[in-house]
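A.B. asks: Protein chains in written order, with the numbering used here: chain Z, 394 to 750; chain B, 394 to 750; chain A, 394 to 750; chain U, 394 to 750.
Each hint can be trusted.
Identical copies look the same in the list; a pair holds intra-copy or inter-copy alike.
Simulated crosslink set (BS3-like; lysine-lysine; CA at most 27 Å straight-line):
# : residue 1 : residue 2
1 : 400       : 434
2 : 745       : 711
3 : 692       : 661
4 : 661       : 711
5 : 711       : 692
6 : 692       : 745
7 : 711       : 623
No lab work stands behind these hints, which were simulated from the structure alone.
Protein chains: 4
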Amino acid sequence: MTKLLMKGNEVIGEAAIQAGCYHFFGYPITPQSELVAYMAKRLPEEGGTFLQAESEVAAINMVYGAASAGVRAMTSSSSPGFSLKQEGISYLAGAELPAVIVNVARGGPGLGNIQPAQSDYFQATRGGGHGDYYTPVLAPFTLQETIELTAEAFRLADVYRTPVILLTDGLLGQMMEPVVFQQSSTPVQTESHNDWALQGTGGIRAPRSVTSLELNASGLEKRNLKLQEKYQLINQSEQQADVYFAEDADWFVTAYGSVARTALSAVKHARSEGVNVGLIRPVSLWPFPTETYRSLCEKTDQILVVEMSAGQMIDDVKLSVNSSVEVVFFGRMGGSVPDPEEIFDVIIENAKGAAKK
Amino acid sequence: MTKLLMKGNEVIGEAAIQAGCYHFFGYPITPQSELVAYMAKRLPEEGGTFLQAESEVAAINMVYGAASAGVRAMTSSSSPGFSLKQEGISYLAGAELPAVIVNVARGGPGLGNIQPAQSDYFQATRGGGHGDYYTPVLAPFTLQETIELTAEAFRLADVYRTPVILLTDGLLGQMMEPVVFQQSSTPVQTESHNDWALQGTGGIRAPRSVTSLELNASGLEKRNLKLQEKYQLINQSEQQADVYFAEDADWFVTAYGSVARTALSAVKHARSEGVNVGLIRPVSLWPFPTETYRSLCEKTDQILVVEMSAGQMIDDVKLSVNSSVEVVFFGRMGGSVPDPEEIFDVIIENAKGAAKK
Amino acid sequence: MTKLLMKGNEVIGEAAIQAGCYHFFGYPITPQSELVAYMAKRLPEEGGTFLQAESEVAAINMVYGAASAGVRAMTSSSSPGFSLKQEGISYLAGAELPAVIVNVARGGPGLGNIQPAQSDYFQATRGGGHGDYYTPVLAPFTLQETIELTAEAFRLADVYRTPVILLTDGLLGQMMEPVVFQQSSTPVQTESHNDWALQGTGGIRAPRSVTSLELNASGLEKRNLKLQEKYQLINQSEQQADVYFAEDADWFVTAYGSVARTALSAVKHARSEGVNVGLIRPVSLWPFPTETYRSLCEKTDQILVVEMSAGQMIDDVKLSVNSSVEVVFFGRMGGSVPDPEEIFDVIIENAKGAAKK
Amino acid sequence: MTKLLMKGNEVIGEAAIQAGCYHFFGYPITPQSELVAYMAKRLPEEGGTFLQAESEVAAINMVYGAASAGVRAMTSSSSPGFSLKQEGISYLAGAELPAVIVNVARGGPGLGNIQPAQSDYFQATRGGGHGDYYTPVLAPFTLQETIELTAEAFRLADVYRTPVILLTDGLLGQMMEPVVFQQSSTPVQTESHNDWALQGTGGIRAPRSVTSLELNASGLEKRNLKLQEKYQLINQSEQQADVYFAEDADWFVTAYGSVARTALSAVKHARSEGVNVGLIRPVSLWPFPTETYRSLCEKTDQILVVEMSAGQMIDDVKLSVNSSVEVVFFGRMGGSVPDPEEIFDVIIENAKGAAKK
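Isolated chain Z, as found in the complex:
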């Protein structure tokens, strides 16, 4: 196993290729542009298709087209560009097309800045587009995990025929870390989409259509009920979370993505000072790992949510735990990244509060 020192954005690109994704459509925006550049260089080497679209709106619609043909397709952007893709993501969901969309999030709202942020949580987990749909959202916290979750994103997309969001941020996109690609000698087996994909009739079968249009209200309701069943199945089967120090924790800190790294350091530091605190790190943001929170927080009376945003995951935490559990929040915004000491201080302060109760 060779260790490679790579930039996070490039890791996503290579992981996608190794997951069998040879169709990428993108548009540059800092801090994700290295991913576009990586695909521009690598995909022609693999006989794949890289296309720089004329806009973010075009890119997501090109993904729609490629996905309709049954191939693994990806696009990526950063927050403002990701907002432009919301109509397209809703179309992918409505047409039940597998695809992976990467958001290397930055500070907002608006043009904001190019520093890392987690403020696109609601947009990712509630469907920033229109209509009753959800998309699985995976949030890695190391570059090695980025490799795994990129592959996992394609697996979920294929198995459930759904767009999947890989939600990372400017910190993970720009940092370098040694990674190992578990290159298998055999090509990746992707789901066979032979039963619906538009690959030509070959003159031997009836034409198919892939569409999100359904003018008849009862027809659309039927389709939507089927979608909701799928979402329920995903919710039951695909919740993912990592838990640290659960065995003896009196209460928990919770954080995802890059800030979970910092939070983990802070938790370890606090434990070395005798605070019996644990960490819950949701890996899938949708489906939110409700069960993990519910069971772990049954006997605790406090949870500290740490975000690089104004407090968005709070809602999901509150909806997961009993209302007797006090939900405390610490957040930084606008591209400001908390350091371990800051979070440590907040833990210590709340540890006293927890003790008092």
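Given chain Z, put chains B, A and U in place with the hints provided.
C.D. replies: Positioned in the frame of chain Z, the structure of chains B, A and U alone reads:
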């Protein structure tokens, strides 16, 4: 007071003009196209500006430009077109620009159909765009209330310097109802935006800029903290709800917008059959009228949420009431509109359940 | 009569307004941007419509729309942007719509530079777009004449229902000169387009259509024959040229637009040195003033064509004069503007040649 | 040699591939869409790049990009779409980039119809774009010649570093005819563009630029003088014409492209009736085969120009022959295709006139 029989989409247009909005930028999409057509005809008569943009993305950015000059500006669309505006809405929020954006919602996800739906609730209330922002969301349930809430939308936009969403649907947009415009003899007094709007320096003051860009992380965090204070202030001051039969209700049905009309009929019918049920109708969806729910549901153990969607407002209801209150859901999707009998049946069924408890 | 000191680009704008043109659609490009800026400022003052389009292609199509409604409409650009309008100009010609399109020409081909040039002569006079059409082309050589020819352009457009090109260049566009506007106290009388323009049926007449589509070959041939008759009529009626020193000239220099100013100085200088040379200045480039050339050159055996291009008007001169007349050429290119001495030298050199013959 | 029965549009595509063109960027428009479709199918098989652009403007700019990298690139359209490419063609000319642009011409001006026409002659031969440039224009009259001239177009493009136009029409594009591809066993040798193309520095040479921008007037004039030298060289070296019955013809008919087929039939018919008429068929429209006309018409006093347009090639014929030669014209327009009898009648009528002189 003359009563006029008008179509819902036209009512919004006339109400906007009477609220002092003379700048409209739109793009046609069923079932909101009559609003665009109405403005195309009326605004030139008033010396205003109507512009059919080349796309929904262009329209919202034209609103950004007009709003920067301190004038009341509006755009409108229906669900897919509304998704295309998410980047622009985030920019308006980031630059703290007043504007009103109308969503005459239709069935989704994707292209869906042109029947009425409420499935854009998350998108509207959580910010379908990127970054930490909220927009006030107002949801009328009659055409007369549409007039009032259109004016209220502009008031909120101006007072708080924020984009505001008027969330209606194809049912309210296409129906006709007699309405009365309370035409004042004096022109509407809009907020003076003299202290920030880009209206030319006249050679006597320093140039200004209106932007959502703030490259410095601490600068952006400061701006975002100011935004969050504003959102907290709105949350405290601007919750709106209508409550029916609160005085003797043992439990509540809750619904908003067009389906609240049907729910109210069903509630009245149920009461005539001896069921002591009331109705909570949120008028502002963000800020969600949490206090109304909290206080009214203190002594009840059940609430029935009725939506023309898969169950989105449920989250807000759960976050508002004590976890001992059982939240029951009834929804139709994909443009299917429930009739009073259906809802009545669900009320009756749950009334028995409520009784048992 | 007040003399105003104005920039050439602004003169065109004001002249258009005084000619009753209240609809302008543009896109900025050096060296014509002051015209767009002038219209942006002036048209709202006049209750007119200024619209900055999203591209040059959009601007010419907006002109198509406005012209269909029977109002005087204008767009402008400089060479590369003018090329983008070729499809639209062909559509205007095909649909027989009156409109004025300004080209403040710059150095080319390609991006070239922003210096003045006359190298768009073929494009203007032969129809850079597709199909059998011509457009009248007027080329002023002073700012005062710019006022007159702008009005004349609108007159031709209306009388013949045709797009008309005002061909000027970066020199005339950027220079300042005192001008007088002969403001009439009564508004300009434009042609009544009541018999074809799309101004609403008012419920009392049948709908009309304005289109360049004619799928039937014999129908399109018929339409084209009608167009050709119109072109023949324009050719017979609207040739315009200015002639200097015709009474005693043994031979002629010919030049149009800004370089004709310089050529005129050079001719005067040569005459003061005893050279009996005259100047033919075509004012209309299409129709080319063939008759003027033919009659004046009957007894001469030489003509010197001076252009700020590689020699394009040469073809029209050759097609106008007897083949016994020798056509000599002097040109500068790429934004290089000849000075009077240069042209004087060429005249002297050729005067000797003329003498020898 | 296998004979293949193919459609004209497809023949162009296959001929381009066999000429070593593996990069095609297009946009569909009748009557050339089969060419786009053919490339979409064939190029991936050859490891080439087919890209359907978002517009005609985009397609020509993609050609600009590909050509900058030194590869053989092509785009195609029909009249209205070809007009949209005029800016891009001017850029290719200015940057001296080799490329082939196909116009399968249809009836115009404007939207016109989808029948064959030759009315884009001026646009093709005079540069419909801005600036002092010409492009070689080749006009085949059979599908077999289409193969040869497609290869020739790429040769000219490469040798002279210039865009080249293949001008055909809806008749030749839609007809089927047996053709033979002279497939060589070795790959086509294209010009080596190693000295200017943008193929990466490989870290061993200085970066290059390919541009049509030259802000300095004397710099641009120098570049333009170099261009004019090139055009003169092409004019001297690359005139192509086919002549029929020159040995004993008293006078000539002249026609190009599809209508030359019909004219040839009519000429043969006339000869069988004792009329000593010949046919001059220009193969290159620019450079126009002036020398052929000049020498052949030295002793004749009449030439009949036949076009499927209003009379555009007339100018070039007049500029080529002595003014004592009478130029007679017969044309059809708007998609109307003359039949041999019509042309025969015109020949007979003019033969009498010719006899009288």
